[in-house]
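Per the UniProt record's numbering, the sequence shown starts with residue 1, numbered consecutively.
Hints in this document: simulated from the structure, not taken from any laboratory. A portion of the hints provided could be inaccurate.
Derived DSS-like pairs: lysine-lysine, alpha-carbon spacing no greater than 27 angstroms straight-line [said to hold, decoys possible]:
no. : residue 1 : residue 2
1   : Lys-113   : Lys-93
2   : Lys-91    : Lys-5
3   : Lys-134   : Lys-66
Quantities reported herein were computed from a predicted structural model and do not represent experimental measurements.
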Amino acid sequence: MRKLKINNNEVAFFAVGGLGEIGKNMYAVQFQDEIVIIDCGVLFPEDDLLGVDYVIQNYDYLVENKDKIKGIFITHGHEDHIGGLPFFLQKVKAPIYSGPFAISLIKGKLEEKHLLRETEFHEVDEFSEVHFKKLWVSFFRTTHSIPDTLGIAVHTPQGTIVQTGDFKFDLTPVGNLPAPNMQQMAKLGEEGVLLLTSDSTNAERPEFTKSERWVDIHVRKVFQRIKGRIIFASFASNVYRLREASDEAIRQGRKIAVVGRSMENAIVAGRELGYLKIPDDALIDPSELNSYPPEQVMIMCTGSQGEPMAALSRIANGTHRQIAIQPGDTVVFSSSPIPGNTTSVNNLINRLEEAGANVVHGYVNNIHTSGHGGQVDEEIMLRLMKPKYFAPVHGEYRMQKIHTELAQLTGVPKQNTFILENGDVLALTNDSARIADHIESMGNVYIDGRDVNDSVGDPEIRERRMLSEEGVVTAIAVVDLKDFQIVAGPDIVSRGFVYMHESQDLIRAANHEVFWAILNTFKNHKNIDRRILNRTIVSRLQKLLYDRTGRHPVIIPMVTIINGDSGKSKHHKKGHSKKQEDKSKAETSVTAE
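Turn these sequences into a full structure, and let the hints guide you.
Encoded structure:
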């Protein structure tokens with residue numbers, strides 16, 4: 001079992017994910033034999049991670065130390081903070097402490113994975129306290145683009161470690177929802193914060209992030225000038241934005257159709273908890289849309305980030321089974337592209353425009369504001385908390401760097417600020433802090449499927465990139481190792497490398513090269529098996545194809561071997577008994593080199 005290289009009196013803070021990146025948030029505080037985990041998110045893959053559905057953390061250290069884990073504390077219900085729970089809980093059973101809206105979303109996820117019955121939930125709010133033998137946890141209310149957002153304070157024998165979660169200081173939230181509890185934050189600061197770990201997403205923006213109420217005003221203005229059908233696309237979890245859109249649609253007498261599973265789940269949870277005021281008679285099934293005039297309906301759907309399988313992309317492509325773009329439709333994007341999605345979003349907007357829709361989007365029309373605080377918000381948090389030590393989280397390196405500079409401007413000494421990486425262990429006492437260890441195992445795990453075991457590694461990702469960029473060439477042959485002859489082939493098949501009908505000279509040369517590769521193997525090796533044949537074919541074919549084309553396709557030799565036992569030593573064939581020869585069977589080799 002891996003143990004941290006820290007002193008017994010030191011408390012450790014480390015990130016399993018969330019540092020140097022936007023997503024995959026998962027942090028831990030450990031003191032002796034107790035571990036408190038904060039959040040468990042996913043990272044959505046960039047385009048170069050071909051076939052990957054989610055990127056999650058490597059949980060090995062926590063699995064090895066699972067008996068020390070006291071609970072998983074959730075700051076809020078966004079995917080980059082809760083999306084990893086179905087994977088983590090397959091490996092570690094631990095109670096979940098969270099606000100009501102996040103619990104509702106988490107339960108939906110766990111039910112899909114058949115983990116709900118075996119998971120223990122505890123609903124908490126800003127006034128809750130959770131006590132263990134050596135550590136205890138309290139909370140404070142923040143504001144973000146989703147309800148029930150909480151900052152988390154882990155109280156240790158050496159001092160208090162605060163994780164802000166995602167936040168901004170929205171002093172005028174929509175729907176008369178509560179504002180951030182700055183008094184709680186100030187009280188923590190007065191009592192003493194040993195380490196503050198704070199959201200760095202908007203550290204590059206020298207601003208105070210606008211209130212959601214500002215967006216509400218502009219959403220109303222946009223809706224009031226739309227005469228036809230409205231298709232409203234947003235993050236399903238941004239319940240405040242869904243409330244603004246649904247309230248204005250109802251004021252205009254529009255019926256609302258909800259499309260997309262995550263959007264449906266968010267609407268159900270928001271209505272049950274009172275965050276959305278949508279009466280039953282305002283909701284219609286998507287199949288009923290054509291029964292109403294265009295000016296009397298609004299479609300709320302997922303896909304504002306250009307996700308290929310989301311509802312909006314299928315509508316734009318004409319592949320949605322119930323909804324197609326009609327003349328006069330207006331699509332409202334109430335979001336901005338997250339890093340890595342700009343191209344996908346722009347392509348989606350182009351497809352919608354080509355299909356005949358009008359598109360209204362983002363900051364251009366004042367219908368989006370960030371849920372993350374800018375530099376002014378971050379400075380206010382630092383002033384309220386007055387930490388002795390500071391470590392920025394939830395951000396790429398440049399964001400973390402700027403955030404540490406802001407901390408220094410607010411009075412935190414430079415030597416007391418730390419830009420950490422995932423796996424770095426910050427060991428603290430009430431008057432010291434040092435990077436004491438690094439947990440090497442805390443890298444990325446690529447999920448290709450729905451289960452924690454459906455993962456692929458860096459070699460598979462590299463092969464997929466090669467396949468996508470260079471194509472694949474398959475060399476097929478049948479050889480007899482008794483008589484050392486080529487019985488059939490060789491044949492060359494190209495996919496994604498060259499168009500075979502226009503490259504006959506190259507294909508003939510490749511066939512010739514494989515033919516002589518096999519004959520030379522018969523001549524030069526005493527003991528012949530499939531590996532030797534494959535290596536020789538791949539080596540000679542790689543050189544030929546690169547010399548002719550300057551490219552490196554993936555080469556797959558498919559060699560069927562007849563009388564394989566006879567070829568193990570061509571100089572000792574007389575030693576085989578008749579019984580051994582009768583047992584000789586054909587075997588096929590399919591190997592990717």
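### Query
Taken at face value, is the distance from the CA of Lys-93 to the CA of Lys-113 at most 27 angstroms?
With Cα atoms ~14 angstroms apart, Lys-113 and Lys-93 stay inside 27 angstroms; holds.
### Message
With the threshold set at 27 angstroms, check whether the alpha-carbon distance from Lys-134 to Lys-66 stays at or below it.
### Response
17 angstroms, holds
### Query
Given the proposed pairing of Lys-91 with Lys-5, does the C-alpha separation stay at or below 27 angstroms?
Judged against 27 angstroms, a Cα distance of about 24 angstroms means the pair holds.
Every hint, counting from the list given before, is met by this structure.
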